[in-house]
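Q: Next come the chains, spelled out residue by residue.
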Amino acid sequence: MSAADIETPLIGGPQPVASNNDDSPLNGVTVGVVTFPGSLDDRDAVRAVRLAGGSAVQLWHGDHDLHEVDAVIIPGGFSYGDYLRAGAISRFAPLMEQIARAASGGPDALPVLGICNGFQVLTEAHLLPGSMIKNNHLHFICRDQRLRVENAETSWTSAYARDEEIVIPLKNQDGQFVADNRTLDELEGEGRVVFRYVDGNPNGSRRDIAGISNIAGNVVGLMPHPEHAVEAGFGPDSSARGEVGVRGGTDGLGIFTSVLKKLVG
Amino acid sequence: MTAETTSRKFNIDTVANAEATPGQALPWAELGLKENEYQRVEEILGRRPTGAELAMYSVMWSEHCSYKSSKVHLRQFGDKVTDAMKEHLLVGIGENAGVVDIGDGWAVTFKVESHNHPSFVEPYQGAATGVGGIVRDIISMGARPVAVMDPLRFGAIDHPDTARLVHGIVAGIGGYGNSLGLPNIGGEVVFDSVYQGNPLVNALAVGVLRHEDIRLANASGAGNRVVLFGARTGGDGIGGASVLASESFDSSKPSKRPAVQVGDPFAEKVLIECCLELFKASVVEGIQDLGAAGISCATSELASNGDGGMHVELTNVLLRDPSLTPGEILMSESQERMMAVVTPENVGAFEAIMDRWAVEYSWLGEVTGTGRLIIEWDGEKIVDVDPRTVAHEGPVYERPYSRPAWLDGVQADAFAGGQPTDLREAVLELMASPNMCSKDWVTDQYDRYVQGNTALAMPDDAGVVRVDEETGLGVAISTDANGRYSYLNPYEGARLALAEAYRNVATSGAEPLAVTDCLNFGSPEDPEVMWQFAETVRGLADACQELGVPVTGGNVSLYNQTGGVAIHPTPVVGVLGVFDDVARRTPSGWREDGQAIYLLGTTAAELDGSEWANLRGHLGGQPPALDLAAEKTLAAILVNCSRDGMIDGAHDLSEGGLAAGLSEMALRFGVGARIGLDELCERDGIDAFTALFSESQARAVVAVPRSEEVRFNDMCTARNFPTIRIGVVDTENQALDVQGYFNLPIAQLREAHEGTLPKHFG
Amino acid sequence: MPRIVVDVMPKPEILDPQGKAIAGALPRIGLTGFAGVRQGKRFELTVDGEVTAEVLEQARHAATTLLSNPVIEDVTRVEVIEEDGQ
Amino acid sequence: MPRIVVDVMPKPEILDPQGKAIAGALPRIGLTGFAGVRQGKRFELTVDGEVTAEVLEQARHAATTLLSNPVIEDVTRVEVIEEDGQ
Ligand SMILES: Nc1ncnc2c1ncn2[C@@H]1O[C@H](COP(=O)(O)OP(=O)(O)O)[C@@H](O)[C@H]1O
Ligand SMILES: [Mg+2]
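Residue numbers (the numbering used here), protein chains in the order written: chain A, 1 to 265; chain B, 1001 to 1762; chain C, 2001 to 2086; chain D, 3001 to 3086.
What the hints contain is simulated information worked out from the structure, not anything from laboratory work.
Warning: the hint list may mix true and false statements.
[As the list claims (entries may be wrong)] Derived, one-sided and incomplete: chain C residues facing chain A with beta-carbon distance under 8 Å: (1) P2017; (2) Q2018; (3) A2021; (4) A2025; (5) L2031; (6) K2041; (7) I2072.
Ideal Cβ positions, reconstructed from N, Cα and C, are used throughout, including at glycine.
Use the sequences and the hints to build the structure in full.
A: In structure tokens:
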């Protein structure tokens, strides 16, 4: 089936998949959002791309075609139920093979962001090192999480300053990032730790790691959810940038503006 | 994927066989039927039932499915609805869930249901499948589910069995709801030893649809095809409907099949998406979810709500366990299944959608014009009934009821506990108590962000979700119940539950519109319990009429008792309100320095049934007095304040009174306040302790920006509603400073408030 | 140190969503030889010292009370294993 | 039908939060004979027909690619089991 067929009934009326602004330099630039049958935050990722000024295209897991998108987001959820291991089965999806191919090949390769389950999928697909195991406290946890952006040079973080702090929601059961010490040292040494938890490690992740990138910086995995902090009124209660109104935090928007900036610039 | 036909030869009891062997003994008693009920089945059929028919009648006539004890009372919810109340009602009581018009062509459907007994037996799966079941009710109306809530009640917090239930149930609610991508936007957590052997796990779901998308559970149009899709049918919960949900526990009862259902949330998530695609493509004529009583319920309800009959070949059902007998297949409560009616032209389109989502399905038969529900097994007739007699004409009991003799004594026993010497300690004790403490340990295990439309969730007074992204149109929901109030006076208790939910919704800024309820009670065979039930329904129906909000649907859970001891009558009431734009929702805390803090309403010495009395181990007297006219005015004020931007924070007062209200408002954003009680005490003729701990109704605390004070006061005066300025927000001083009485640093308050659940369950 | 292995499997009549998901995925990666999959748990309890009858009894007790949920699972094995053995 | 069992255990150097939680809970129910607990997974693959070398190879392939993640887990066994055996 093609991407056009999978537009499912959405609440809130038809989700504009076109850019808001017809003569913006972003015209023609598209960010693909992958939908697995158990994806949950795919619509939110689409909305985030739109709020950042871009156009989103929904991609279907069973498809063999990336529809010429300029970047890809693998959103949160439970791709195929994830009872075995988060992301274990999704790795074999036809679309993942396309993504893996397009994502390798240096800094100009396809920018790919894996959020939460998407991050898990990227590790299972060996596009990123390490793995995710159950949170050290064994519970699902949903909370507003403060992070430090440690690398502001990846395709997905250039809108931030190095060492800038942000607050975005975290929500998962299997969010404990693990890797052997050699891999961890390598990640640190190459500046590939992109996000680190601050004000308390919520799940036992090694070295407080919340997000990492590949060597080229086009593939980034991030455990917390930037797409849930892009719209005032529906985000976290707090922001690292000072006072905000109720659920007014929009610190996650920079992730999406970063990639759009990279794509037009 | 095509349906593979399974054909197995059992020594099956056909209709012909039943006619030929009238004397054959059947296990009707083991299946939960009473002798008179069995006789009635024989009368209806004019012969003995077949084994399969017996299975159908027994599950469908169980208390859980037939409402046989509660029906005569529940009628009041319909009888007491005025035309004005029907204004927003698109679908009322009787369908899978009610549907309410919220404007702009949008509608919402919502309903609360119990999964109490299964959750006691297997907490994780019981709670998980409770969420799964209520979500399927919502889908079957044609809606996309958009949020869930979970009113929970457990035994004493320190009882050795409580941790098992809390851990399992909370993980189950989260495990299922989180995997479906449904934000959890509210609920309740109550601890009381009366729920020790009977925890209450109620689950509410809300869905959104366009008016034209409403689907009903009926099978019409002879020649239309009947299809079963979703998970395969296994031995799950056979006898669950009749044994688990309708009888008291008796672990010695032999069970041939597992009475426990295991949920597969991934299968349900796929089911949601594929149903929405079916609706969008207009491929189904009628649809019904499979819950209690499985295929028995779905076929008989679809057929009896339609205009003809139905013919089904049961060997077409895809099985997980090939050893199931026809009767067991009819009774199985395997989760994540749906049944639909499809016109022959749409069969191909239907199959294409199933294939796309990799959902299994099998065509079972078709709608007929005979008026009969005929079920065959490999071509042999095993069921031949009028579907109405199965689905709608079950037994109805006018169970005897009588006011308990002990009630006079209880009501005469007013709280006479002495006042605490230290109000500061008392507030700390209250805010750390099991019922008043922070529920973060629970709610942090739930996803409240998914779908990106959550405008308010825990710990605010109501959960608020946006429905229309263009306009901001949205809904607010709150669920409430106070079992202690209902124990003291079930009529008033029900009215108080409604009033609290109504007040919570209005406090968030939404206009209350409709009601759903889950009535949790002991055994209806106990006349005193039956009286509590009758009084509750009467109270709730009366109060709905007075407030002008109709009951749109709900659920009754009886037999919540262990040995001879019943739970407190616990009518969980959910109120749904509407926002023209959720951007104006009011959070339950203050934030801006210098804003004025007002108390709306009056306070009397009403400590009977209160949290404070509960902490002193006392339960007696009468619950707080209720004035629904005052509640209405208060709600109107709160909604107006939100609409006109007159307040920045609001919190209704209920359990724990002003002490809890002020503490929670300070904790919401971690901002302190200076409070003065003297004027209030003088006006209402009460002392400081009463001012802080009384649970008088129709009250709320609001934070008013300086610039709005005049307008705010004018509005309250115009409506003749008492209001009094009791303090000011103070961002400098990190404390709740009740002048002349105590100064409570917020850090200390937070430590007490947030430490309790982790201490017991962390 | 000696280990006691405890195997716990979902009861045959109970739905096993995990096994079902795996069974659905196998053909997608070209593995078509299997009719069904069940996923259970395997615990290894390390014994500090000798495996006495009493310790084995403790393991059996742990297996039925803590390591398995008798409502939906069966303990299919409680056994001492050799170092590196199975 | 014959079954192939696949055992997967967390790598020794990887922290096993579930095993750790169980190890902590055992003494609380009076079981003090254990020095540590690891929790892994046990899969039973039902074979529709005879277990040929090819099917066994398929199971091995499934074990290392799908059923385990080599970064955190080891496949400790892939073996045909007798009916009702272990
Ligand atoms: N089981 C639960 N699930 C989700 N939210 C809950 C649960 N229990 C309590 N909450 C939320 O915590 C907050 C405080 O609960 P409560 O004190 O009962 O509220 P109220 O008194 O306003 O009815 C509310 O936002 C409520 O919805
Ligand atoms: Mg409230």
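Q: Indicate, hint by hint, whether the structure satisfies it.
A: Do the hints match the structure? See the list:
At a threshold of 8 Å, the smallest CB-CB gap from P2017 (chain C) to chain A is about 6 Å, leaving the interface hint in force. Taken as an interface hint, Q2018 (chain C) checks out: its beta carbon lies about 4 Å from the nearest beta carbon of chain A, inside 8 Å. At about 5 Å, the closest approach between the beta carbon of A2021 (chain C) and any beta carbon in chain A falls short of 8 Å, and the interface hint on this residue holds. Given the 8 Å rule on beta carbons, the hint for A2025 (chain C) holds: about 4 Å separates it from the nearest Cβ of chain A.
Taken as an interface hint, L2031 (chain C) does not check out: its beta carbon lies about 11 Å from the nearest beta carbon of chain A, beyond 8 Å. The criterion of a C-beta within 8 Å of any C-beta in chain A is not met by K2041 (chain C), whose closest approach is roughly 13 Å, and the hint is violated. The interface hint given for I2072 (chain C) is violated, since its Cβ lies 14 Å from the closest Cβ of chain A, which is over the 8 Å cut-off.
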